[in-house]
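**Q** Mapping of the sequence shown onto my numbering: residues 691 to 980, in sequence order.
Any given hint could be a false lead.
[Stated by the list, open to error] Below 27 Å or equal to it, Euclidean Cα-Cα: the simulated BS3-like pairs (lysine-lysine) are: (1) Lys856 <-> Lys889; (2) Lys881 <-> Lys862; (3) Lys846 <-> Lys856; (4) Lys846 <-> Lys889; (5) Lys881 <-> Lys846; (6) Lys772 <-> Lys947; (7) Lys772 <-> Lys856.
The set of hints was computed from the structure by calculation and includes no laboratory data.
Predicted model only: the values in this text are computed from it and were never measured.
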Amino acid sequence: MILIRRIHLYAGLFLLPWVLLYGITGAMFNHQELFPAVRFEAVDASLVRDAGMAEFPSPGELAQQVADAIEQTANVEVVLNKGQSPEFTSPILFETYDGDGQHVVQIDPIQQTARLLHRPPNAEQEESLLQNVQNIQLSPNPHQAAHDSARAIFAKHGLSSADQAKPLGWTKLNFLASVDGQPARITYVLKDGHIDVTKYTGEDGMIPRQFLLRLHTAHGQPPHWNMRMFWSLFVDAMALAMVTWGITGLVMWWQIKRTRLIGTVLIAVSLLVAAVMYFGMMDFYATTKL
């Protein structure tokens with residue numbers, strides 16, 4: 691029992707920075723207003739309505755308009771499902787740029803309200819060193835060698851569509867160099883030969899908020915032992931720790947007899963709520979294409 695308590699305690703202490711990171715950035719994903727990288731400005735509701743949103747259809751009206759248009763175009767019958775209400779997936783967004791950066795208007799199509807977001811220019815903007823060179827051709831083409839290997843692998847494993855193999859994803863080669871005496875970061879895209887040659891300053895090119903969110907979503911293992919690979923190990927450690935905390939927490943709770951009844955009720959309620967949310971989200975994704 692002492693060992694379980696120590697594992698629970700010391701794992702939490704060691705992984706505390708990651709616990710805080712994932713907790714805070716999880717909230718940042720959900721709320722743009724948390725540690726914002728933009729300035730928000732309220733918009734008068736009457737302006738939104740008078741400028742055109744008063745004519746904007748409700749979800750149900752728009753769904754019927756779409757159904758009618760499909761019927762006329764495809765010569766089919768479209769009947770709306772009365773058991774499911776049409777829903778928008780997000781606010782309606784428009785953007786514009788000027789010397790002060792990016793400006794975005796978010797329009798709520800349900801409430802017919804809006805707000806402005808002002809995002810200043812990135813102080814760590816990349817500087818291209820070779821603007822006139824965007825693609826290069828290598829001979830022999832390394833990507834073709836990989837492509838030939840992939841088709842051979844598919845064929846060897848009995849896949850009749852081996853000859854139809856096509857590239858998936860955007861594998862890149864990154865390296866530092868000196869271009870006409872200037873330090874540069876060069877990125878070569880294997881798939882199509884595209885290159886980016888930018889001035890290397892040692893900056894990551896992201897504002898702090900963007901960098902923290904990138905850490906939250908960083909996943910997968912590159913083919914090299916670099917910092918991203920080490921980060922992936924801590925992602926695995928966090929995953930293991932979260933499962934461990936759940937198990938060790940249950941064990942420690944069960945040892946305290948006076949809390950068993952209340953704890954059992956809480957676990958039952960938790961499982962019920964989780965099941966409702968689980969199947970509710972399953973239904974949401976079944977009826978919604980994001």
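**Q** With reference to the structure, classify each hint as holding or not holding.
**A** Hint check:
1. About 33 Å separates the Cα atoms of Lys856 and Lys889, which puts this hinted pair outside 27 Å; it is violated.
2. Among the hinted pairs, Lys881 with Lys862 is consistent with the structure: their alpha-carbon atoms are about 8 Å apart, no more than 27 Å.
3. Taking the CA atoms of Lys846 and Lys856, the gap is about 17 Å. The hint holds against a cut of 27 Å.
4. For the suggested pair Lys846 and Lys889, the alpha carbons sit about 45 Å apart, so the restraint of at most 27 Å is broken.
5. The straight-line distance between the Cα atoms of Lys881 and Lys846 is roughly 23 Å, inside the 27 Å bound, and the hint therefore holds.
6. Restraint check: the Cα-Cα separation between Lys772 and Lys947 comes to about 51 Å, which exceeds 27 Å; the hinted pair is violated.
7. Proposed proximity of Lys772 and Lys856 is contradicted: the alpha carbons are some 42 Å apart, above 27 Å.
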